[in-house]
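Protein sequences, first through last, are from chains A and B.
Heads up: the first sequence begins at 1 in the working numbering, then just goes up one per residue.
Heads up: the second sequence begins at 1001 in the working numbering, then just goes up one per residue.
Incorrect hints may have been included.
Claimed, not checked - Here are a few chain A residues that sit away from chain B, every Cβ distance over 10 Å (derived from the structure):
| no. | residue |
| --- | --- |
| 1 | L134 |
| 2 | G278 |
| 3 | L585 |
Claimed, not checked - Computed Cβ-Cβ distance ranges for the label pairs, DEER-style:
| no. | chain 1 | residue 1 | chain 2 | residue 2 | range |
| --- | --- | --- | --- | --- | --- |
| 4 | B | P1550 | A | A582 | 32 to 40 Å |
| 5 | A | L336 | B | R1455 | 49 to 57 Å |
| 6 | B | I1410 | A | R135 | 34 to 42 Å |
These are computed hints drawn from the structure, not numbers from a lab.
We put the beta carbon where it would ideally sit given N, CA and C, even for glycine.
If you want the building blocks of each chain, they are given just below.
Protein chains: 2
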Amino acid sequence: IAGVPILGLDALASASYGPEALLTVLIGLGTLATQYVPWITLLIVGLLGILYVSYRQTIAAYPSGGGAYSVAKENMGTNASLLAAAALAIDYVLNVAVAVSAGIGALVSAVPTLLSYTVELCLGVVALLTIVNLRGVRASGAAFAIPTYVFVASLFAVIAIGVARTVASGGAPVPVDPPHLATPHATTSLVSLWLLVHAFSSGCTAMTGVEAVSNGVPIFHPPAWVGARRTLTLIVGILVVLLLGVAFLSRAYGITATPPGTAQYESVLSQMVAAVVGRGPFYYVAIGSVVAVLCLSANTSFADFPRLCRIIAVDRFLPEMFVHRGRRLAYSFGILALATTSAVLLVVFEGITDHLIPLFAIGAFLAFTTSQAAMVAHWWRVRGPSWWRHLAVNALGAVATATTLIVIAISKLEDGAWISVVLVAGSILLFKRVRAHYDFVAHATAARDVTLDFRKSEPPIVVVPMLRWDAVTVKALRFAIGFSPEVMAVQVLTGDRDADDLTSRWRHLVVEPADRLGVPAPRLVVIHSRYRELLRTLVRFVRHVSSRHPDREIAVVVPQLVEPRWYQWLLHTPIASLLKTALLLRGGPQIVVINTPWYLDAWIPEQRRLAAPPMRGGLGDAAPT
Amino acid sequence: IAGVPILGLDALASASYGPEALLTVLIGLGTLATQYVPWITLLIVGLLGILYVSYRQTIAAYPSGGGAYSVAKENMGTNASLLAAAALAIDYVLNVAVAVSAGIGALVSAVPTLLSYTVELCLGVVALLTIVNLRGVRASGAAFAIPTYVFVASLFAVIAIGVARTVASGGAPVPVDPPHLATPHATTSLVSLWLLVHAFSSGCTAMTGVEAVSNGVPIFHPPAWVGARRTLTLIVGILVVLLLGVAFLSRAYGITATPPGTAQYESVLSQMVAAVVGRGPFYYVAIGSVVAVLCLSANTSFADFPRLCRIIAVDRFLPEMFVHRGRRLAYSFGILALATTSAVLLVVFEGITDHLIPLFAIGAFLAFTTSQAAMVAHWWRVRGPSWWRHLAVNALGAVATATTLIVIAISKLEDGAWISVVLVAGSILLFKRVRAHYDFVAHATAARDVTLDFRKSEPPIVVVPMLRWDAVTVKALRFAIGFSPEVMAVQVLTGDRDADDLTSRWRHLVVEPADRLGVPAPRLVVIHSRYRELLRTLVRFVRHVSSRHPDREIAVVVPQLVEPRWYQWLLHTPIASLLKTALLLRGGPQIVVINTPWYLDAWIPEQRRLAAPPMRGGLGDAAPT
Ligand SMILES: [K+]
Ligand SMILES: [K+]
Ligand SMILES: [K+]
Ligand SMILES: [K+]
Ligand SMILES: [K+]
Ligand SMILES: [K+]
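Just chain A, with the same shape it has in the complex:
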């Protein structure tokens, strides 16, 4: 029973929007709608029963947690797994959007003055969930358990009292606080099969979340599958009671949906609780638990979505930022991606649950169908004892959910379900493009059997940009002559302060010392830039050298003054950093960038070293002079 709050919260929360979604479709029928609700609910409960036996099998077959992505990947291959991944991703995003909007819908039913702040409140909840999850706050079990127990207990109490009064009054109970009158409507008596199919499609969102137990098997004590199955039974049992109870009371008390997104809006559960027990303290406790359970239901997506992104990214179908360097950072990207997309949906659909239902139904049933189909493939592939019986059960589940999916797709396509279809297709395309790029890079950089080539190649041509002759540039120049005999010092004169032409001093500073030791001296190139374009002139010069020596590497040694305090960086134009970036992006493929930092806070030892460099024995002495 301890597993119910954690794994059942998501499934039970849907009892607060599924029946309402159904009733909202029938809003045009007025009170007549309540006559059809029990029958459609029975159909939904039947479908839920099929899902129940299907998931019982998944639990036993995948005791390590049978996420649709992994099961599909193992049994049906890449394309099916990407379809599952896309469906799950959309399902998670819409679970957030729908649960938050329904939670705020319950809140504004109890406190109608907040109605005009619906979207702001929704975004506030998403922001809160984002912060809590980014900071990695570990919610205690009680935070999940108490709202769930209050939710179930108070709704059970309402149903029990309502049923008792209905029976006692001979089927016509007097509401304590009467529900809204059904809106009279032009289409009042036009009950078509099409309308009922529509209602069924919307009501099916009451089933979302039942898959959670099959993903969470590892949290149970061994034998895990026994506990998991018992928990699933309990959750589905409670959900069935809630759905049937709501349907019964809707009919008995004549409770219909109110037009969503208008000032008359009041949620079905709010009307029901008020009708049965009135708007006393109990009402506020019950509605409070509804709000809490819905927000916690959105929170489950915040826990699961980053995990999904991670396993997709491990297979290289998403950027590696969803995997890399510590789970916390990687999960942050997933949390932000989920928060952003669900916030966009909430803004676009103005925080109205009813408008999000078609998108959610498609996403959820696509996830159910791929999951069931993958289980069919699993039994076909594994063929354990009495495999055909298992296969038949999951096949029934697959056919039932696939049929529902098709019904939803046909009846809801124009109402927004097309958006989910586009999102699923777009996601799959994105996954494939990402993977293709990684494969291309891996192919291009592959060097599996390439042994390291130790043959001496020509040393690079070295270019040292110098603004002036100082310790910073001397260090760079000294490093340059250490590894190549072909060194060019480039001085770009822009007419700005503090750059005097080195031409006249070059003989004394460089050429004569080199001649004394008989080594090649670096050449000085002075370029006058009329337009003060230091960077562009340097990059152009490097490219010019590259093109004149297309078979040589060009090493650019960038001197850089490093100051100890950040505000001191403001005093200098970040010319070294800009140059490094410019060379990397525009220097051409022959380039190697060498950065010789000169540290202001270490200048005294540095000066000493420059004046008299240590000349110890070592490998370096083996080189000729």
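Could you slot chain B with the ligands onto chain A? The hints should help.
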């Protein structure tokens, strides 16, 4: 006369806030105030006359433009020039704040419904001026000339008509639209000398801007000083007429100031124009020209402030970003600095001119005084023909402005003038700190007579971080073995995707090929990082190597995959860039960072080169194998 709009605009604009500043101090006296206005105005005009003859001399002495900073630097040394620079900077900032707030004050006098948007309108004007100046829009002469001519002509017309009616009516003209009644006040009859000194101090802001001609001498045709002097005479003449005219009409029509920052506010000029000619079309043309002239007056600071920053920065008292790489970019920093500081002042003082006047008076008269004192020093130093006469004139100017400065400082210190004093002191401190830092860096990096040391030093110890064995890392490794025999390849295993331990393959890939040629093989160091801290582990390793070889350079060769499209960068963690930055900031003074980029869009030729490197004759072949 063509020079009047460009160089006189700033001086003439002050006619619209100077007299009002004076009257606002006397608001407690009611209509009695108007009796004192002419006398105080005569005092101000007298002071203006002294400034006029002083600046006539500056024009002749500095035909290339006698900015207070340059003149003080040339004749009085660094400290005086920094005082001048600070005073000028504050003067420019406050000229923007005062002119914009006065302009919006004129606007809301004509359109009172805008009164509650005063601060927003002020910030809007500052934003507009910022954009126009950042984009470097070249204003045509007409943009300055037309508002100036309309301003002067309409105010002259108002003065002429007002004077004529006053004379015709025997000194008691009937106002067309009566001015606001003077507020009855407790202190009504308490006329103290202290109050009049206060009024004089505020009224002195009417003189601001007369220095513009002496800065702008070079724009005149030669002999420039003749044209400049003529223009100065014309400007001061017009200003005197405006000041005396406003004083006369204030007295004749009983026009007093209205309480600033309240709903009753109406500018003095607005009341005056309305009283003389009524609120017809002429009124709106006149007030429109006042608004335009004030905004253009603020614009002159936007032109001059960046120039001031530039000449200060050339002397290294401000960061080099105010000088560097193309005037446009450097000026942008000046424009933004001016816009930010004046916007802050406008917000803090709620866009109320009267609250800004004390700050402005101090800044302007400090600038006047340093400028005049520098001219005295100039004559003392140069001693041309009849130098003592010139010296006496500027000494009179210096004494007069210094006296006024002291009067202002004493009377206005508590009203906000202390802010200007703090700002001036803070600016001078900033200038000195900036220069001290540059001097320290120059001293630390000085290498004037250090000739380049060609003695062979030990080659660096090379560290090559590798995630895996691919073309990108092989390129880095190959570069590394090219210039040092001591190479360490470091593989940090974090448990993330795609990094298999290279230990088993190192013999085959690296050691055996090296042994075949008898050259030293790079060593492989594999580090398992339990906390997935790739960067920190690498930096820690490099620092460890540094500390074990304190006399050696440590070269870190960072392999980097460079992708052609920006969005492809999102697919990879920017590990190479982060590593380069981390090494630069935390690697220690022995570090040299070498970046070997590997270009995806050039991979085919690159692969070819790796497979068979060219072995041509050249300097590189002289090295031993
Ligand atoms: K559910
Ligand atoms: K759910
Ligand atoms: K779900
Ligand atoms: K003036
Ligand atoms: K001015
Ligand atoms: K000024």
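Results of checking the hints against the structure:
Chain B leaves L134(A) outside its interface by the beta-carbon criterion, the shortest separation being 18 Å against a cut-off of 10 Å. With a minimum CB-CB distance of about 49 Å to chain B, G278(A) clears the 10 Å threshold, and the non-interface call stands. The Cβ of L585(A) sits about 7 Å from the closest Cβ of chain B, inside the 10 Å cut-off, so the non-interface label is violated. Checking the proposed 32 to 40 Å range against P1550(B) and A582(A) shows it holds: the Cβ atoms sit about 34 Å from each other.
In this structure the hint that L336(A) and R1455(B) lie 49 to 57 Å apart at CB holds, the actual value being about 56 Å. Range check, I1410(B) to R135(A): Cβ separation about 57 Å, and the 34 to 42 Å hint is violated.
Hint violations for this structure: numbers 3 and 6, all remaining hints satisfied.
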